[in-house]
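Asks: What follows is the residue order along each chain.
There are 2 protein chains.
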Amino acid sequence: MNQKTNQRTSKSHTIAEIAAKAGVSIPTVSRVLNNRPDVAPGTRERVERIIDECGFVNNRVTNTLRKGSSGIIDIVVPGLDTLYSVEIVRGVGEVIERTGLRLALSTTNNALQREQQWLGKVLEGATDGAILVLSRGQSRNLDELHRRKIPFVVVDHRGELGTDIPSVSATNWSGGRAATEYLLSLGHRRIAVIDGGSSLRCSTDRVAGYRAALEEAGVAIHPEYIRPGEFMQQTGYEQTCMLLELPEPPTAIFAGSDLQAMGIYSALRAHGIAVPNEFSVVGFDDIPIASMVTPTLTTIRQPLVEMGRVATTMLLRLIAQEPLDSMRVELTTTLIVRESCASLPPV
Amino acid sequence: MNQKTNQRTSKSHTIAEIAAKAGVSIPTVSRVLNNRPDVAPGTRERVERIIDECGFVNNRVTNTLRKGSSGIIDIVVPGLDTLYSVEIVRGVGEVIERTGLRLALSTTNNALQREQQWLGKVLEGATDGAILVLSRGQSRNLDELHRRKIPFVVVDHRGELGTDIPSVSATNWSGGRAATEYLLSLGHRRIAVIDGGSSLRCSTDRVAGYRAALEEAGVAIHPEYIRPGEFMQQTGYEQTCMLLELPEPPTAIFAGSDLQAMGIYSALRAHGIAVPNEFSVVGFDDIPIASMVTPTLTTIRQPLVEMGRVATTMLLRLIAQEPLDSMRVELTTTLIVRESCASLPPV
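For the record, the sequence lines run as chains A and B. Using the working numbering, the first residue of the first sequence is number 3, and each one after it goes up by one. Using the working numbering, the first residue of the second sequence is number 3, and each one after it goes up by one.
FYI, nobody ran anything at the bench for these hints, they're computed from the structure. Quick reminder that beta carbons are idealized off the backbone N, C-alpha and C, glycines included. A few of these clues could be false.
[To be verified] Ranges of calculated distance between the beta carbons of each label pair, as one might list FRET restraints: (1) A322/B to E247/A: 57 to 63 Å; (2) H273/A to H148/B: 56 to 62 Å; (3) S345/B to N112/A: 40 to 46 Å.
[Stated by the list, open to error] Output of the computed footprint for chain B on chain A, the stretches with three or more beta carbons under 8 Å from beta carbons of chain B: (4) 92–101; (5) 105–112; (6) 115–123; (7) 264–274; (8) 283–295.
Based on the provided sequences and hints, a complete structural model is requested.
Replies: Next comes the structure, spelled out in structure tokens:
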């Protein structure tokens, strides 16, 4: 008995011990561990400090480990070069680091073949579960994971997903509407939008939000103001150049991503057009670059880190064979006002 | 015999088979696998394509795996929020993805305690080897890894390292000198430099390169032009504000990092000073943001992705118990001229 206690103490503390040390209830510790929002910041900090001091390892997960699991959670992302995936990985890492699990990182470079190589590794090397950030062609792999009974959660799904697939995404439609409403409130009427790919659900939802805001404001939709492309800097550059050549160029652009917005910035500079005095730009994502550039970028914050955190919490529940509150979680997008927009000067 | 061949074919191809398919020699395939620079780009591409098609798995590593290894390579970085670590992780991932190994990612948030938690996981969960990007206080953990006979390579070591520790870094001194020489060549004489931490070897080397360039050009070194700080945006902002208050402010700043340069940009903008016409800025790192901002940032490219690749190749050799060509590898830094510097206007 004594030995058993010692063993446990040296390895980890129970939730009850953490609760006692922090002077809070057991459900509160549980809420902190699950990154639930309904904990006062001060309390969260105290509980987290004690967890850190104790080297706490989530008992449930540890128990799973002892039953001969791999001890590994997989995260698969398109690539680390777009910064977008990096934010999701950060969130996943934050949760995993509180457990005894390890995080295996794989990138697919948007290539279906790479995804299949990853699947091969996973099936050979075993995994406790996977978090997938996939851009296209994912359905075959999802079926295979299902068949092998490997728990998984999809983040920011970009195609249509079956209702039985656990997923976390952001409120893209509301974000698109909020960006457009903000530009309308500054007096802009000639507002363009740049798409990130017409086959991507997240992108079409943003454009639909843009349309809704214009319609609600009684502003006519000009098809030539809705530009196709990818979520990359180059798209932003090229489409801005084309927009500026229109007989009636726009006075503002709502970019599909912050990376596109960086391309918009350089195209405007190449044309000698000043942001925000002569032209307004709103981005989407709020990756770190948005607050670093000059002028800082007004953008729609997509809670990428939180999406990673929530997906991981969902996955840990699936691994522990606990029910999910919801198979589909949509986290709120927020308008972050910085320096890249200004009121339209009176003509 | 026949069955054996089939088995091998379905799992992986030998180097000899890859060489035959690509029409190159076995050493050439080996050079591609080890990311050696002495392969013509066209040849490298062809060999890589065939490797991809065949799902080739490095035989040596596979053999190691079969001897009951964990099949996991660990990468430990301070965090994914500075973009700097992300680039190194990308390079590590590129090499790992060609093997049957998996990459376990851990972040330490610069906290020694987190490093020790990682060590605990590694010792419990086993690892084939580790790549460490540590900022401080690492010596205790390095000793522990040594004692446990876990192979490891340190990337961009920031303190003093024993000569028996395998490491990869960049030529920081040459980079500091090249940045300063470039500003001198544009006519600047009042050139400031921002440090990234006087205890960090990589930073003091850059400042030493700055001093060497000024001395060589016969330009007096003003102690007030050498500013302390961290490799963060805020340091760039604060130190620029202080430099601009000097009786004789500088006309150019060599930043310790691209992140600092972003802070310099915003401080200059707050003072209504235009880059590059009124003030020149050189960064250090060449993280993706450098080519995205407006004006694009002239910087010293630190080959972070390559550093990650080379460290991984070294680690795979250590795991295979092959000798290293060198315990310490320094990769070359390069001046990347973009838009943030201009000739000093004649007074």
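Asks: All hints are to be evaluated individually against the structure, with a verdict given for each.
Replies: Right, here's what the structure says about each hint:
1. A322/B to E247/A: 57 to 63 Å: holds, 58 Å
2. H273/A to H148/B: 56 to 62 Å: Check passed, 59 Å falls within 56 to 62 Å.
3. S345/B to N112/A: 40 to 46 Å: holds, 42 Å
4. 92–101: Holds, because 3 residues of the region 92–101 of chain A bring their Cβ atoms closer than 8 Å to Cβ atoms of chain B.
5. 105–112: holds (count 5)
6. 115–123: Holds: 5 residues of the region 115–123 of chain A have a Cβ under 8 Å from chain B.
7. 264–274: holds (count 4)
8. 283–295: holds (count 4)
In terms of the numbered hints stated before, the structure departs from none.
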